[in-house]
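Visitor: Chain residues, written in single-letter form:
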Amino acid sequence: MLVTALKACNVGPMLERVALHQTRLRTPGLSLDGRGIALGSHGLLLFPSLDRLVAFFAVYTQSQPLDDLINKLRIELLHSKLGNREVALLFQIDSSERMDGMAEVAALAGGFALTGGGRYWVQYRDAAAPYGYDLAKINQANATYLLHHTTFSQGYDIERTINLKSLFLRLSPRNDPSAGLEPGPRWILAEQGLGGALTHYLRRSDVPARVGICEWPPLSDLEDTPIRRYLFEIPSYPDRMNHLFLSTPGLRLFYPVSPGAAVEVGYKHPIQLQALPSFRGPGLVLFLGRGEPPLEIQNLPTMGTLDTLVRIELSKGESMATTSTSEAAPLRLQLRLLPSQRAPSDVSACWIEPEQYPLLRKLLYLLGNDTLRKSSLAISPQGAFLRIARGAQLLPLGHYYRAILPSLYIPAGYEAVPAVSPQVLLSAMDIPDRSVVILRRDGTPWVIQESNFVPLETVILQGTAWAPLPTQAFEELTQPLPIQLEVEDLGFRPMRDVEVEEV
Amino acid sequence: MSEETKDLLQRAAELYERVLAPLLLSGHLRPVRPIGPVLAKKLVSLVADHYEHSDQKLQLHCDELRLRQIQRLTPLDSLPALSASDWMLLAAFNDLLQSANPHLSGTFTSSRPVRLLQACENLLSQIHPPQNLLDALTRHAIFAHALEVRRTDTQIRWWTGSAMFYGEPPSKRLTSWPDLRRVQVTETTTKVEALPLPHCPQDLYLKVLASWLALSPLTDLAYAGRSEPAFYWTSSALSLLTTREGRRIVRHTVANTGRNAALNRAAKSLESTHPSHYLLVKDFLDEWSSFMNLSSLEQIR
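Sequence lines, in order, name chains A and B. Residues 1029 to 1531 (the working numbering) are what the first sequence spells out, left to right. Residues -18 to 282 (the working numbering) are what the second sequence spells out, left to right.
Just chain A, with the same shape it has in the complex (with noise of 0.2 Å):
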């Protein structure tokens, strides 16, 4: 009977299950904590692969920070006399429940955790034995570690040791479309060629922002010059600029994950980055999608305000600016509206003549609630231009005109030739922020300040004459209705039911 006892209480070949009370452990570097928990002074997660340690450090991340961790924590690649690899992720224990922590995290991502010190490593505890396991028997096998499992026991030796910034450095961002898309401060990386321009562009937008120069070693030894990239960090800016940004080649656009972390815009890193402390700065890790590896400043340039490094025209300088416009201007086109040959569609505005204006005032009050809400009308000697949000093709009459920008109108049912982006269009025009340009057929635009529009529903209504009600008091309301005297005919012998009697 109490063999089958002690066999019933031996799990494995090499641990048994340690006991409330039990004072003596065999394992060497293993004791018994406050709760009477077997803890040695480190513990050991053993993953079978490099990307299930991954999903542990983005398990883990999520709900902690790994500042107490990181200066005693190391990875090892660990391979055993039959050749296979395991991943180890050895640190400090100061105590059972963190450990308890960290092993249900590693069991989520595929890992073992163990616990020990110097070369013998057994299981930490489970919902088996609460109070974890101790070995059965030292074993004298050669090897660098000898972990004892209640599955396994197996001796590993090193073959080298990972870096924890650099596991994280090779970890490439997820696609994920709508990250980043929400407002916030971003990080734009110019190359070279469009830093200038795009200082100009968001200088002329009134985009606050901060530039700087990084450099990074040539790519190979047959390139003498250094690359060098503008850096802009943008507290915010339009949404409208995001289209800009995400599509001109050249441009990167990144979003900030931590201090001295960010990523493109489009991507999302599956670590929390924050957690690091590596990923605080003082430097930037700029990480790209599309596979690339990513771009690391070990300190941020000096950066500058937008307004300290705009081009200064100089007004003397007349012989340079002619020379430099004599170049370009050859290769300069007109810009020319040609009708389209696809159907005119997205009509959502309409210019409409002062003659106009008795039909549109008519039309006017056939419009919905809605569509006297959402719309908009500036009023100008040449005309009206009628903003509406939906439906514009409905209003029978003026010019119809389709958006191509929130800020650009150009006719329905024509297009822009030379079919440059609305983008460059517009920024060709040199046209003040807050404007809106409606094109006209033969090309020329008509410029109205945004602030010139207004609420339809708030123009549209005349002033109705009124004429006060007189009020009276209470008590006037109490006097009864006149009473009306009616005189009727008497007919014939009026007073003859009057008589006289002497009193």
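Since the hints were made in silico from the structure, they are not lab data.
Partial list, computed: chain B residues near chain A (C-beta under 7 Å): (1) Pro3; (2) Ser7; (3) Leu10; (4) Gly17; (5) Leu20; (6) Arg93; (7) Glu129; (8) Val130; (9) Arg131; (10) Gly148; (11) Glu149.
So, partial list: chain B residues that the calculated Cβ filter (under 8 Å) puts toward chain A: (12) His9; (13) Arg11; (14) Ile16; (15) Pro83; (16) His84; (17) Leu85; (18) Ala100.
Built from N, CA and C at the ideal position, the CB exists for glycine as well.
Let chain A serve as the given structure and place chain B on it in line with the hints.
Guide: Only chain B this time, still in chain A's reference frame:
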């Protein structure tokens, strides 16, 4: 039921519907054929204190309005039916209004208004003044708006002449083709005290009106601010001031500062002729003045 009784009941019903009901409900007041004192007494002996009108709804409404009129002055829950004095006062008021009827007199009957006013005076002389406070209240309940009666007189002028219509709609014939005939229609409103036509005895009319008002002292006091006939303190009005409740009711009735001057002026006339009456009125007016000041203070607070 004899034919005479039926006729009397018919006259009473007409008097109720055409004179009493409009006095309470407002609207069009159409006086009945002149009644006179003899017929009035017959009528009163038949309907006083227990009259039931054929239109019970109208009677209920009129009774309710009489009570409501009184409840503005004093907390009464019920009013007695119309008494003999009430019916006679009603008949006298009807005759008074009919004395100003332009159809009453003709070329050979120009004395009819005078005769009717004299008959009315005779009738009023047979009505005793209010015997108690309730009597004064019930009379005022009926005639509280008697002097609100207005007659609309219409004068029509056209290019060859003019015509006057007193209290009756003008002839459509005279108002036709207004542009061609250059018709001008002028409407004026005439108060009760100015009803008599130019050729009728105005003084006698006002005298009878004053006598009629004296028999309803609360109504007399309520219209103390009228121009004609001028208010004077009658014995029945003075008797109201002899009791505390009467003073309170009078105070509520004349609760309008516009009537203060008329009451004071009337009191002045008593100073030389009836000093004791003057003291009574002066005491009341002083008390009323102090009440007015007190209510002003409460409003300020």
